[in-house]
Every structure is written in structure tokens, then in C-alpha cells.
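Engineer: Sequence:
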Amino acid sequence: MKAENESKNMFKTKSIFLLITIILGIIAVILGVTYAYWKTSFTQEGFNTVASQCFKIDFQESNDINLTNTISILNSEGEQLKPYNITFRNICDNDIKYQVNIETLADDNKLADKYITAKVNYGENKILTSYDTTDGIITDHSQAYKVLEGHLRKDQVMSVDIRLWMGEEVGLYENTESGKKDISEEIMDKTFKSKVTIEAEIENQTGEYKEEILNGTDPVLADKLIPVIIGENGTVTRADTTKKWYNYANSEWANAVILASTASDSNPKVGQEIPEDDIESYFVWIPKYSYQLWDLGLYEGLTSIDESKVHTIPIKFGTTNTDDSKPGECTTPMTEDKKQGKSGASDNCQVGEYMTHPSFISFGVNGLWVGKFETGYKDAQSKDDARKNVVATSQIIIKPNVYSWSGINASNAFENSYKYKREILDSHLMKNTEWGAVAYLSHSKYGKYTVKDGNTEIMINNSDNFVTGYSAKSAPTEGYQLYTDRAQSTPGENNDYSYNYNDLNSVVASTTGNYTGIFDMNGGNTEIMMATMKSESDSPSYSSSGFDEEKFPKEIQYYDIYKYTTEYKYNIGILGDATSEMGSFENKMYGSNGAPITSWYTDFGWIINSNAPWFIRGGSSDAGTGAGITFFTRGNGDISNAYRIVLAPKSA
Numbered sequence: 001m002k003a004e005n006e007s008k009n010m011f012k013t014k015s016i017f018l019l020i021t022i023i024l025g026i027i028a029v030i031l032g033v034t035y036a037y038w039k040t041s042f043t044q045e046g047f048n049t050v051a052s053q054c055f056k057i058d059f060q061e062s063n064d065i066n067l068t069n070t071i072s073i074l075n076s077e078g079e080q081l082k083p084y085n086i087t088f089r090n091i092c093d094n095d096i097k098y099q100v101n102i103e104t105l106a107d108d109n110k111l112a113d114k115y116i117t118a119k120v121n122y123g124e125n126k127i128l129t130s131y132d133t134t135d136g137i138i139t140d141h142s143q144a145y146k147v148l149e150g151h152l153r154k155d156q157v158m159s160v161d162i163r164l165w166m167g168e169e170v171g172l173y174e175n176t177e178s179g180k181k182d183i184s185e186e187i188m189d190k191t192f193k194s195k196v197t198i199e200a201e202i203e204n205q206t207g208e209y210k211e212e213i214l215n216g217t218d219p220v221l222a223d224k225l226i227p228v229i230i231g232e233n234g235t236v237t238r239a240d241t242t243k244k245w246y247n248y249a250n251s252e253w254a255n256a257v258i259l260a261s262t263a264s265d266s267n268p269k270v271g272q273e274i275p276e277d278d279i280e281s282y283f284v285w286i287p288k289y290s291y292q293l294w295d296l297g298l299y300e301g302l303t304s305i306d307e308s309k310v311h312t313i314p315i316k317f318g319t320t321n322t323d324d325s326k327p328g329e330c331t332t333p334m335t336e337d338k339k340q341g342k343s344g345a346s347d348n349c350q351v352g353e354y355m356t357h358p359s360f361i362s363f364g365v366n367g368l369w370v371g372k373f374e375t376g377y378k379d380a381q382s383k384d385d386a387r388k389n390v391v392a393t394s395q396i397i398i399k400p401n402v403y404s405w406s407g408i409n410a411s412n413a414f415e416n417s418y419k420y421k422r423e424i425l426d427s428h429l430m431k432n433t434e435w436g437a438v439a440y441l442s443h444s445k446y447g448k449y450t451v452k453d454g455n456t457e458i459m460i461n462n463s464d465n466f467v468t469g470y471s472a473k474s475a476p477t478e479g480y481q482l483y484t485d486r487a488q489s490t491p492g493e494n495n496d497y498s499y500n501y502n503d504l505n506s507v508v509a510s511t512t513g514n515y516t517g518i519f520d521m522n523g524g525n526t527e528i529m530m531a532t533m534k535s536e537s538d539s540p541s542y543s544s545s546g547f548d549e550e551k552f553p554k555e556i557q558y559y560d561i562y563k564y565t566t567e568y569k570y571n572i573g574i575l576g577d578a579t580s581e582m583g584s585f586e587n588k589m590y591g592s593n594g595a596p597i598t599s600w601y602t603d604f605g606w607i608i609n610s611n612a613p614w615f616i617r618g619g620s621s622d623a624g625t626g627a628g629i630t631f632f633t634r635g636n637g638d639i640s641n642a643y644r645i646v647l648a649p650k651s652a
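Numbered according to the working numbering, the sequence shown spans residues 1 to 652.
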């Protein structure tokens with residue numbers, strides 16, 4: 001252990017772990033063969049804890065490697081060696097910065113470092129001397145190489161796999177400028193000794209970046225979520241959370257990614273670009289807020305639309321819930337008695353008051369991480385490949401330029417979502433109210449819909465192959481199910497009618513009008529919500545969803561439930577879900593086809609009833625002007641739709 005100025009400043013403490021002793025001895029040679037026999041031994045005894053008053057890390061080791069009577073091997077063989085594993089956890093309240101070193105030890109009979117190949121985690125094979133050198137910790141070390149560095153938040157775990165071998169480059173001769181050199185004396189009967197050390201120190205002493213207008217609802221970076229900044233053309237780099245990495249005042253929402261298990265770097269450093277192949281899923285932070293009510297959705301049926309209803313929705317961010325005792329605030333949506341104007345009805349929410357959005361209350365969180373794209377099917381090579389009514393969480397990807405996972409019923413979509421990142425992140429299938437939370441934030445001054453851009457609707461994803469992140473090149477002019485300006489979309493390529501996600505022009509299909517927003521909420525594939533109607537017996541209406549009494553979740557926070565009705569009444573909507581509040585409604589004819597539409601952009605609006613009790617959102621790529629973020633329709637929860645995943649991590 002080493003501590004620097006511990007008594008003077010405990011926040012600069014460094015804790016050092018001596019983990020592995022490695023001995024490579026050349027013990028024999030076969031004449032006529034240019035490879036030497038050698039042996040390695042990795043050892044570590046016990047479980048170690050290093051602590052100071054301000055700083056703690058736990059670590060343990062496993063999988064000792066013992067290679068006996070081994071010759072220098074092909075690097076492809078070295079990659080398959082069983083690794084020595086070090087796992088360590090930050091159990092301090094502060095973030096830490098760590099550095100893993102391999103420090104070679106002096107020896108009169110030393111095998112040179114340049115003959116050792118190292119592989120750390122999923123990194124490339126590298127000759128030890130090609131790593132950056134560092135000061136080192138061990139007093140008698142010969143040389144120290146920095147092989148890995150990164151950052152750990154509180155309770156975050158880092159696992160490091162280390163493989164060492166004498167690689168295929170090592171022979172009895174070495175090519176030099178003056179010709180072939182005999183190096184047998186340099187490698188025969190030599191010993192290589194080293195120790196692995198880990199340095200760790202407190203960082204971010206100035207604290208995490210906070211945006212004042214969020215009033216404490218800043219992003220919660222739970223385990224597995226890596227904060228990122230998305231640049232032009234969709235490039236992704238790890239964000240420095242001590243500096244401004246989101247700006248809701250400027251419609252720049254916080255983004256985070258979850259890395260694939262095959263990522264080349266499991267913990268990229270600040271400012272490092274993260275390759276798309278390393279990313280498994282993208283999420284966008286929706287901070288907790290209250291919004292000003294403008295319409296209570298008390299519509300019995302169809303009348304005529306009122307396009308003046310479209311406006312920038314006033315929003316206030318904050319961790320506390322609105323309070324009935326405070327002027328201009330309310331907590332309770334309209335009761336049936338109040339809706340019907342009965343005398344003696346309690347004083348419920350009224351137009352002009354602010355109400356905490358219900359999506360945050362149900363989970364008791366200060367925000368939600370929403371899938372940036374419709375969920376994709378990892379191995380799909382076409383839209384037909386992505387039609388899978390199965391539970392297979394290993395196939396989940398949430399990325400641009402992939403085929404949307406469709407053809408799945410509500411039950412399997414829920415189970416996939418629920419099992420995706422269950423611990424800490426509280427993953428689940430998107431609810432109708434959560435869709436509404438995104439829609440309203442998008443239509444506030446913190447999203448795309450602002451007075452400055454004329455309250456224009458986000459652009460439709462018109463990819464007929466249901467490729468995620470696409471945008472139409474022009475807004476549709478044809479009505480519901482009549483839009484023909486689309487062409488077969490190949491992931492990552494533009495066509496005559498569409499921009500792919502990596503083309504900067506695609507951001508008009510984002511909820512922010514830039515790369516930080518959420519995509520595929522207008523068009524793409526219709527999305528099933530975890531939202532159904534009560535049955536006549538007061539249980540959820542399962543219909544063709546694949547649910548039954550046993551499968552349907554018991555915890556009420558995982559679903560929205562609506563009043564049972566056999567009629568066509570918009571007043572059953574939940575305030576905040578972007579259904580009844582989008583009224584008034586009327587029927588509009590498109591040629592010989594009629595469709596009910598909302599007052600907001602004439603998006604299609606068909607309320608659920610007992611015959612079709614499940615909510616579907618967004619519209620399809622061929623829905624034309626009928627698709628949109630305020631689009632809603634009804635269905636049976638069957639295998640006709642795609643789905644989206646939401647995370648609800650608790651604040652520390």
C-alpha cells in the first residue's frame with residue numbers, strides 16, 4: 001500500500017494493490033526449433049481490502065494461471081489462455097480514477113520485457129514495451145507499464161482479465177539493420193518477474209455537473225450506464241460528468257449507453273470515442289417535471305378539431321410533487337363525479353394549474369431513461385428476420401440503423417423489457433403515461449416544439465423496412481395509410497425519400513431537433529404500450545396480448561389501467577398520457593377512408609374500448625399525416641407491433 005500526503009489531504013489518497021507475481025523461466029530448448037520452453041505462474045493469496053477514512057476499494061482475484069512446459073506460442077493461442085481475473089469495487093461515496101500497471105522487477109538474469117506479449121480485457125495483443133510507461137509504485141521495479149485506466153462511480157465494479165505469454169514473434173534470431181542477430185543468450189534460461197499494481201484516487205472533487213433549471217432532477221447514472229456526448233454524424237464519446245454534458249435549457253438532453261458484452265473497452269475513458277459496435281443500447285434522460293394543464297380531456301366522443309390547442313407546454317422541473325395546498329398546483333386528476341359536474345364533488349385539478357406528471361410518481365423517481373430508438377432485434381438482417389414473438393433478452397439492441405423488433409405480443413414485449421436490466425435499472429415496457437411524458441417534454445421549450453420553429457411536428461420515420469433512426473426528407477402530405485413517398489431502406493444508407501440516422505439531416509425526426517433527442521416516435525413501427533383497459537370483472541383486459549392472470553404483473557407501477565367501457569369515449573384518458581388531452585376529435589375522410597383525428601397535427605386518435613383494449617402509439621411508416629408523437633390507436637395486444645424499453649433507476 002502507498003499513501004501520498006494522507007495526513008495532509010485525504011482526498012488525494014492513493015491505494016496500491018500488489019496482486020500478481022509472474023515468473024517466466026526458460027528451462028529447455030529443442031535443437032532446430034526457434035521456440036523456447038517456458039513457464040508462468042500467477043499467484044495471489046486471500047481477499048484484500050485497502051481503506052482510508054475517505055476512500056475504500058474492495059478487490060478479489062480468481063483463476064490462477066499455470067502454464068507448465070510451454071513453448072512460445074501463436075498469439076491466437078495466447079488469446080485463448082485462461083485469464084487471471086481481478087475484480088474490484090468502489091465502495092466510497094466519491095468517484096475514483098484507477099490505473100492498472102504491470103511493473104517488471106530487476107533481476108541479474110532478467111528476460112527482457114520486449115519478449116512478453118500482454119492482452120488486457122478485450123484489448124489488442126501488445127508487446128509489453130509498447131504500453132505507455134509510468135512512474136510505478138514498487139521501489140525496486142525495473143520498468144512500469146500502464147495497461148489500463150478508467151473511472152468508477154460509487155458501487156461500480158470493474159473486472160480485469162490479464163493474459164501474458166511469450167508470443168510468436170520470439171525466436172532464437174532477431175532481424176536488425178545489420179542483419180540477423182543471434183539472441184539465444186538473451187532468452188535462454190532467463191527469468192521474467194513482474195507485479196500488477198492498481199492505483200486509485202478520489203476525483204471529481206468539485207462535484208458532478210448540475211443544471212440549475214432541473215432543480216435536482218439531473219441524470220441518475222446507475223450501474224452499466226455510461227454518460228455520453230453525441231456529436232455530428234452520431235459519433236459517441238464518453239462524457240466528463242464534471243463538465244457540461246447536457247443542457248436542457250438549450251434542448252440538449254442527457255444521453256447514456258450500455259455497452260455490449262463484446263465491447264473492445266469495457267470502461268472507456270473520458271473523451272474517448274466509443275465505436276458503434278461496442279454499444280448495445282442508447283437511453284435518453286427525461287427529468288421529473290410538472291406541467292401546466294390546458295385541457296382536461298372531457299370529451300364524450302367526436303366533435304370537430306381545434307388546431308389552436310397546439311402550443312408550447314409550460315413545464316417546471318423538480319424533485320418534489322405538486323401540492324393541493326399551494327396556489328396553482330394540484331395532485332389529483334378529475335374524478336368521475338367532477339367530470340360529470342355532480343354537486344359536492346371534490347376540488348380536483350383544473351386548467352391552468354401545474355400537476356406533477358404521473359409517470360414519475362408511480363416509480364418514485366426523479367427521472368426516467370427512455371430507449372432512444374425502438375427496440376431492435378440483434379441478429380436480424382431484414383424486417384422479416386426481426387418479426388419474432390419470443391422472449392430473448394440476449395437479442396435486445398436499442399440502436400440506430402437496425403431493424404425494429406416487431407411481430408411481438410404485449411406479454412413477450414413486457415417480459416423482454418422487464419428482464420433486460422432488472423437489477424438497479426428497473427427496466428420495463430414503456431407505459432402510455434411514459435410516452436406522454438416524452439411527448440410533453442418534447443413539446444415544451446426544452447424540446448423541439450417551440451414557438452421559434454412554428455410548433456412544427458417532428459418528422460416521420462418513413463422507412464418501409466422499419467429501420468430505426470430514419471427521417472423522411474419531406475413531411476407527408478397524404479392522409480392516414482396513403483403515404484407513398486418512401487422506399488426500401490438499407491441500414492446506414494440514404495434513399496430518395498429518407499435520411500439515415502448518421503446523416504445530420506435526420507435530426508428533424510428527433511424530439512429535440514438534434515442528436516440528443518429520442519427517435520422513432522413518429523412513424524417507424526407502431527409501438528405497443530403497457531396500457532390496457534379493465535375488463536367487465538374489473539381485472540385487466542388480456543385480450544390477445546398473451547397475458548393471463550398469472551403472467552400479468554402484480555406491481556401497479558408497471559402498467560397503466562383504464563376504466564372499462566364498451567363505447568367510444570375519450571374521457572377515459574389519464575392526464576399526462578397524451579390521449580384525451582390532445583382533443584377535441586373529429587372524423588376526417590381521406591378518399592373513401594375515414595379516421596378519427598386529434599386537434600394536434602391531425603394525428604390519428606382512436607381511443608381504446610372493450611373490443612380493442614390495448615394502447616398503440618406513434619403510427620407506422622406508411623401512416624402519412626396520421627402518424628405522430630400524439631398518434632394513438634387501439635388494438636388487442638397481439639403480434640402486430642414493436643416496443644420500447646424504459647429504465648427507472650432510483651437516486652442515490
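Think of the hints as simulated: they come from the structure by calculation, not from any bench. Check before you lean on any hint, since a few could be wrong.
Claimed, not checked - With a straight-line Cα cutoff of 25 Å, these simulated DSS-like cross-link-like pairs (lysine-lysine) come out:
| # | residue 1 | residue 2 |
| --- | --- | --- |
| 1 | Lys551 | Lys569 |
| 2 | Lys195 | Lys97 |
| 3 | Lys224 | Lys378 |
| 4 | Lys114 | Lys195 |
| 5 | Lys224 | Lys114 |
| 6 | Lys316 | Lys210 |
| 7 | Lys146 | Lys114 |
| 8 | Lys551 | Lys388 |
| 9 | Lys195 | Lys110 |
| 10 | Lys224 | Lys97 |
| 11 | Lys316 | Lys243 |
| 12 | Lys243 | Lys224 |
| 13 | Lys97 | Lys378 |
Engineer: State for each hint whether it applies.
Structural biologist: Hints, one by one, checked against the model:
{"no.": "1", "hint": "Lys551 <-> Lys569", "in the structure": "violated, 29 Å"}
{"no.": "2", "hint": "Lys195 <-> Lys97", "in the structure": "holds, 20 Å"}
{"no.": "3", "hint": "Lys224 <-> Lys378", "in the structure": "holds, 19 Å"}
{"no.": "4", "hint": "Lys114 <-> Lys195", "in the structure": "holds, 16 Å"}
{"no.": "5", "hint": "Lys224 <-> Lys114", "in the structure": "violated, 36 Å"}
{"no.": "6", "hint": "Lys316 <-> Lys210", "in the structure": "holds, 16 Å"}
{"no.": "7", "hint": "Lys146 <-> Lys114", "in the structure": "holds, 15 Å"}
{"no.": "8", "hint": "Lys551 <-> Lys388", "in the structure": "holds, 19 Å"}
{"no.": "9", "hint": "Lys195 <-> Lys110", "in the structure": "holds, 14 Å"}
{"no.": "10", "hint": "Lys224 <-> Lys97", "in the structure": "holds, 17 Å"}
{"no.": "11", "hint": "Lys316 <-> Lys243", "in the structure": "holds, 23 Å"}
{"no.": "12", "hint": "Lys243 <-> Lys224", "in the structure": "holds, 20 Å"}
{"no.": "13", "hint": "Lys97 <-> Lys378", "in the structure": "violated, 33 Å"}
In this structure, the hints that do not hold are numbers 1, 5, 13, in rising order.
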